[in-house]
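Dock chains B and C against chain A, hints included.
These are the residues of each chain, in order.
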Amino acid sequence: MKDYQLAWKNLWRNRRRTLITAASVFFAVFFALVMRSFQLGVYDRMFKNVIESYSGYLQLQHEDYFDDPIIDNSFEIDQALINDLKEDQNVKDVVPRLESFALAASGNHTQGVIVMGIDPEGEDRVLNIRNRLVRYKLKDEVVDNLINDTIPERTKKLLDIFRNEAYTSAERMMQDLDISEEDSASILPVIRRHASFPNEFLTSDNEEAAVIGEGLSDYLQTDIGDTIVLISQGYHGTSAAGKYVIKGIVKLSTPDVDNKIVYLPLETARYLYAAPGMSTTAVISLNSNDDDDILQTGIRLRDRISEPLTIKTWQELNALLVNQMDADNKSGIIMIAILYLVIAFGVFGTVLMMMAERKREFGMLVSIGMQKHKLAKIVSLEMLFIGFLGVVAGSIASLPVVFYGNIHPLRFTGEFARMYEDYGFEPIMPTMMPDSYYIWQTVVVLVILVIAITFSTRKIFKMNVINALRA
Amino acid sequence: MKVIEIKDLHKIYNSTEVKVHAVNGVTLDFDEAEFATIVGPSGSGKTTLLNLLGGLDMPTSGQILIDGTDLSTLKPSALIDFRMRNIGFVFQAYNLLPVLTAEENVEFIMSLQKMSTAEREERTMELLKAVGLADRADSRPSKLSGGQQQRVAVARALASRPKFVLADEPTANLDSKSASILLEIMEKLNKEEKITFIFSTHDPRVVKMAHRVITLEDGKVVSDEER
Amino acid sequence: MITAISWKNVWRNKTRSLIVITAVTIGVFAGVFSMAAINSSVIQRIDSAVNEELSHIQVNNKDFRSSADVQNIITDYPDVVSVLESTQGVTDVTGRIIIRGIASTAAKSTGVEISGIDVNQERKMFKLYERIIPGTGNYFEENTKFNSVLIGEKLAKELNIIRYIITDESLEYLEDERVSSAVISKLETLKGQRFTSDKKFVKAYEKLLDPSEAEKYWWQIKEAAWSYREGSKLILTFLDMDNNQTGAAFRVCGIFRTNNDMFEEFAVFVPEDELRLLAGMEEGAYHRAIARLENDDLTQSVTREVKNKLADYEVMSWKEIQPDLAMITDFIGQIYAVFMVIILAALAFGIVNTMLMAVLERTRELGMLMAIGMNRRKIFFMIMLESIFLSIVGGFSGMAVSEIVIAITGKTGINLVKYSEGMEAIGYSAHLYPTIDIQFFITTTILIVLTGVLSSIYPARKALKLNPIEAIRTE
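From first to last, the protein sequence lines are chains A, B and C.
Residue numbering for the first sequence follows the working numbering, beginning at 1 and increasing consecutively.
Residue numbering for the second sequence follows the working numbering, beginning at 1001 and increasing consecutively.
Residue numbering for the third sequence follows the working numbering, beginning at 2001 and increasing consecutively.
Simulated from the structure, these hints should not be mistaken for lab results.
Treat the hints with care, as some may be off.
As the list claims (entries may be wrong) - Derived DSBU-like pairs (lysine-lysine); straight-line CA-CA distance at most 30 Å:
{"hint": "1", "chain 1": "C", "residue 1": "Lys2199", "chain 2": "A", "residue 2": "Lys312"}
{"hint": "2", "chain 1": "C", "residue 1": "Lys2203", "chain 2": "A", "residue 2": "Lys312"}
{"hint": "3", "chain 1": "B", "residue 1": "Lys1143", "chain 2": "C", "residue 2": "Lys2014"}
Same shape as in the complex, but just chain A:
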């Protein structure tokens, strides 16, 4: 019989102990994987939100702009420069922006805002900004009308809760209002009739129009068709003022930005700030968003450009978020470490008990002629099997949870959701699909097993056969 076959058979001689120990490993692995999956999923989502709605993966900037993001640190950008950058194999698009601060006023309300002068086509290509247009808005009149119309009771109740919510897609609205697939065919048209929101994005790059964030429109109490006044300081200190018609309203997923954003066409913005041909940043979209590819592309592009320009990565652009996620990440790792530490003791205890119980058996085997190292090998295999049993079972058990959480992320509602949004985070918890972190669990369990095996092997080699037989 081969060693591993003997080892496997030995495991099942004391089925209870084998199963309990494997179960403890299973528990730790399952729990660690599910927790990590949610944690990593949330980080990923958070970064993606910010990157895809705002910062992009790489940006071209004036080298002084990062430390001092004022309009005076803008740079000249022309088609030639853009084409030059696009020659890189991984660069898909280069979209210039002129970004600055202004005081926005409408009627009696004023608010500090971020003004983003954009190339509407380019911004849409790279950041899918048109998808962010609000399509449905549950204004008070809308909700009142809907409640009087023919829709299910539970939806009516939910309508009250979601008053004043704006939606960029029908799916999300159906989810919030708990409208099932079957009902959607009959209910959706009703809702569309009342709640549809006629909305347009910027089309040309020099119209005197603006598209603002939903949070901002709420605060300023402005709607499509109203006028908004922007006052600020322009390039080299000139004063800047302009009046714009609100053409559309978008809803961004980062509430922080959504409450303050005003999109203007690029040339309009340049005119407002007296900065012809200038941009504060240019977002560079890539073909591949692999961490490594981003890094390499950044390096290559830096070689292409000359002073005073520079390339910034998304980590640098979102340093604060990176810091916060890092802290949270570490705390998660600590918790899992505690869990594994506790399980490790369980495994050591099992090894101890097993060695004591089988002392006589080992003594007998060695006395009839089995080499100690062979015995040690078999015992080690037994422990590896238990460990892997737990790891494999835990990993497999975690998969359904991870897959489900990826497609149907946990969505917070009510108070909890508000809290998240107040901090500037989207109240959603998706999971991350199996990745290298799955491998880590195996590694940790392996380390625990190796320590246990060292102990058992030493004991076997130090064993005095006669004493063992007397046990």
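Same frame as chain A, but now just chains B and C:
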């Protein structure tokens, strides 16, 4: 009244292939203060009979009356209680709790019966003296010899003043000197406390000292001698 | 007696028991200590929020929150004040003018919320004056020809009011802070150079130092070079009562530092008279009335009472203004329980395994006990007690260790300097002083005992299934 009345006792085991008629129609009586042994070869039904007598097993048919009480009428929890109050056990080994001292081991069963502390202590010392181990009261079993452990076991068995004591091969692990000391003590106690002792044994020394010898073969009583 | 037996049985196999007990100790310590750290963080946040930022109860017009126009003043301020002052539990009341505007220096401008305050009254109600960085001024104590404004450090950095210069004092400070002399001599080359922004200074010294040196000492270096020129001025612009743009130059009379970056960046304080004049507001006009209570626990009841009396206004407690704070305190208890349950569940595997072994190696003993008359309940109880003892010994030693560590770190503090940027951005201090209250220990003990009880069920059932006859068979 007889202490023990056994009426036409049968015990059949339905094991995998064969039906084993371990006890095959045994009828016996025991009086107060008897000192009896049950002998017979392995497979004769000795152990089974003792287990039935002690209420550890249920007969297939027949009756066991202890001081008038039919064991089969007792519910399981009542049976356990009955054993505690009426039957003393001395096993071949593993009689004592290794974590308790000799004194605590004897006292233990009385605390289960909820005797007062004063009563318990008095009786414990009395019994330990009777078995000659008053000076080893504070020792744990691991510090006592095999014979001494068995003596403590006897003291423990008598602590609750049972109707009778069942001893299953009590001398099997002892050397001759310890065995004889043990038997002497048991005989003395049998006379003083007037408690019936029933042994099951292979040991000729025990058989020699017994006042009544019952021989079993194939589950039947083949001889019942008074000496 | 059974209790004594169970306890002694625990120590029959010392090594095995000690392994389980150590595991429980570690698990419990980990759980309790991490909770203490988080708990202290939350307590500190609430303390800041109540004592520096919000106070207990705020009253304003019903639409003020959605439309913060300067015209939206409290309709009958004297009435509001008398209602508040007459309410049981209220210790102090004050009023604020609140106007959104822009603060700018030559270099930058940014949006702020300007609060016109009654300086003397606010001194009683808010601890902000304690947070003024030494050397930057004071809480409106001097009279100058310019209007005074109190701003936060984040805003001061944003507007380039705070600079970084390495001076002789800076180098002395670094020596006192035990920064390595290699680093100090490298920094000396920057002496006298003035850096107008955080990032420029960081870039400069990062060029001179090794990455490890920079990471280790950045906090001390920034503190050393931090410099503020007294009398810096900024301009506040906003809309007045007639919707005309107005503003004036203000002299920074002090810079405060809290753990809340958002607060530091947006909250700007000026004496009310100056603001009133500029905004064209009447005497006695305020946007908000603020009440301070005797203690935090009265918040719920007093707010309810005030809401009833002032039904025409919007009355909010700090819990309603920052619901996340209220929620977190509620949550903390639950989060802790969940955390401990998970740890204890992991430990339970080890305990079950140990108890199982203990039962199986004692079959003869157990058979004997059943034979001599120990009933099922007592045997179950005996085993359960053993399991409970195992968990409790580990649990109590874990709690004892955590109590010691909490006491120590509660004084010295744990400095998570690396994460201070991220944490302070959402209002939490990165310097933790772990603390925990009795409630947690009680919860922990209950959970530990529960673990012992539940872990014993399976082994005890195995014990009860033993047949005494077979158990005592020795032939």
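Violating hint indices (sorted, rising): none
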